[in-house]
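To convert a position in the sequence shown, counted from 1, into my numbering, add 920.
Some hints could be false.
Okay, the calculated beta carbon distance ranges per label pair [unchecked claim]: (1) E1064 x E953: 26 to 32 Å; (2) E1266 x D1221: 27 to 33 Å; (3) H1170 x V1110: 32 to 38 Å; (4) T1379 x D1295: 55 to 61 Å; (5) A1374 x A1155: 48 to 54 Å.
Dumping the calculated BS3-like pairs for lysine-lysine here, alpha-carbon to alpha-carbon at most 30 Å [what the hints assert, rightly or not]: (6) K1175 x K1264; (7) K1334 x K1228; (8) K1285 x K1263; (9) K1275 x K1383; (10) K1383 x K1263; (11) K1081 x K1128; (12) K1285 x K1264; (13) K1057 x K1081; (14) K1264 x K1334.
Worth flagging that the hints you see were computed from the coordinates, not collected in a lab. Yeah, the Cβ is synthetic: ideal placement off N, Cα and C, and Gly gets one too.
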Amino acid sequence: MKLFRKIYVQAAIGMLLLSVWLLGWLLYETQKESLHDVIQYEVAQVNQQMQRFREAVPTEKMTGGYDSRTKEAVVAYHFRTIFGSDGALFLNGEEQYNRTPYTYDIENLRSMKDTQKQGDYHFGLSVSDVQTVDGKKLLLFYGEKNAFMQLGKSCEVVVCKDVTDIYVRTRRLLEQGALATVLALLLVGVFLYGGLYRTLRPLLELKKTALEIAEGAYHSRVHLKKRSRTDEIDALAVSFDQMAEKIEEHLQSLKETNEKQRRLLGSLAHELKTPLTAIIGYSKTLMTVQLTEKNRVRALDYIHSEGKRLARLSEKMLELTGLYESAEHTLELQETEVLPFLKKLEDLTAFRCQKAGVRLELSCKPGVTQRMDADLMMSLLMNLVDNACKASTSGGVIRVTADERRISVCDEGKGIPSEEIAHVTEAFYMVDKSRAKTAGSVGLGLALCAQIAAMHGATLQIKSEEGRGTEISVVF
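With the sequences and hints as input, model every part of the structure.
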């Protein structure tokens, strides 16, 4: 919720600042335009009044026998008639008429004209900035007229206009706009709160699910509700669920592998117990009892054969464990021609077949290829040939055949009971335990073969009939 509050507060402050700036800018522009319109209107009015004033004064009679005071009184009369209480008349810099409630510094008004640019003139009039006097906002219009030089005096006119109403209306609009802005912000804030909550809710679900997964509940998922439109956060939640599924699958795979290795080690410990007990017993006998030469040789031979069996057992256990752990990283599949590969197998197993008294026959068309890891596949086939030698009797034949889909090893031995076939690929499972121990078997051969076949995307297919032999095929 900290992120939710942070985003909400920042968004609310941003909207508030934007609203205040926009409201202030609109009111400023409104006030500015209102003042501009008033100035344009008043300039036109003052110019009309100035024209009427110039036309109303009988300048042709002003050159007659009237004295100066009478002439000034006539000018002041016409000025009062036209400008009323909004203007002030100055002759030679001296105030002649002023019915406004204010007094004016004519020198400053003249300097205002001097400082204003030519473009700021409004038909010969100079306009002051807004003046604040006794809480009122005033605009001053200053102009000179040379039409009355017959008096021998310069004529200057100042017109005062009260624009306080514009500022009052602007302030009223500001108050109304502020109230409307607050109400609008409250309404928008409600929608913003709901929208942000709906948008960020997947993040809250992500946090909750991540904590559950961290505590060991690997099956937990975000499970967002279906929406008509999705955004990046929804996509993140979906990706998180996919990642969690992959992690759970990986952990399940590791769990299964660990379980296999645990069973493997348990079976190995059970298998090690019997030969180790015998080895310890025979070695202790040799150390404490005087045996005949024949019995001594027999004891040493037994210790030697059991030691070799334990060595093979350890090697196969390590090999099988290594396949479980790093098969994906060690497999090197290459397109391999099968016939030369089988001839190499024949060379490697020649001594074993000769010792068992069996003959190895190969059958494969030239040019047949298969995509495989040559080392692992050779280990698999050597295991199958070794098992076939153990099952065969002297003078038997072991046939190795291959085509585009399979490689098979077939013997003419004792065969496997049908109810045992489903179990022969389990680690340490042996059909004939007495024969297996006599032959030095440890029960890991077919389990290792099945694992190697699976790594190649193949299956180990076993066909067997008691008394007629066994055919084991690697089917790609």
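Results for each hint:
1. In this structure the hint that E1064 and E953 lie 26 to 32 Å apart at CB holds, the actual value being about 29 Å.
2. Distance hint check: the CB atoms of E1266 and D1221 are about 31 Å apart, consistent with the given range 27 to 33 Å.
3. Distance hint check for H1170 and V1110: the Cβ-Cβ separation is about 45 Å, which falls outside the suggested range of 32 to 38 Å.
4. For T1379 and D1295, the Cβ-Cβ distance of about 20 Å falls outside the hinted range of 55 to 61 Å, so the restraint is violated.
5. At about 36 Å, the beta-carbon gap between A1374 and A1155 misses the expected band of 48 to 54 Å.
6. For the suggested pair K1175 and K1264, the alpha carbons sit about 38 Å apart, so the restraint of at most 30 Å is broken.
7. Note on K1334 and K1228: the hinted pairing holds, with a Cα-Cα distance of about 26 Å set against a maximum of 30 Å.
8. At most 30 Å may separate the alpha-carbon atoms for a hinted pair to count; K1285 and K1263 meet this at roughly 12 Å.
9. Straight-line distance between C-alpha atoms of K1275 and K1383 comes to about 26 Å, which keeps the hinted pair within the 30 Å bound.
10. A threshold of 30 Å between alpha carbons decides the hint, and for K1383 with K1263 the separation of about 24 Å falls inside it, so the pair holds.
11. Taking the CA atoms of K1081 and K1128, the gap is near 70 Å; set against the 30 Å cutoff, the hint is violated.
12. Simply put, K1285 and K1264 have alpha-carbon atoms about 16 Å apart, close enough for the 30 Å limit, and the pair holds.
13. Note on K1057 and K1081: the hinted pairing holds, with a Cα-Cα distance of about 9 Å set against a maximum of 30 Å.
14. For the suggested pair K1264 and K1334, the alpha carbons sit about 27 Å apart, so the restraint of at most 30 Å is met.
In summary, the numbered hints that this structure violates are 3, 4, 5, 6 and 11.
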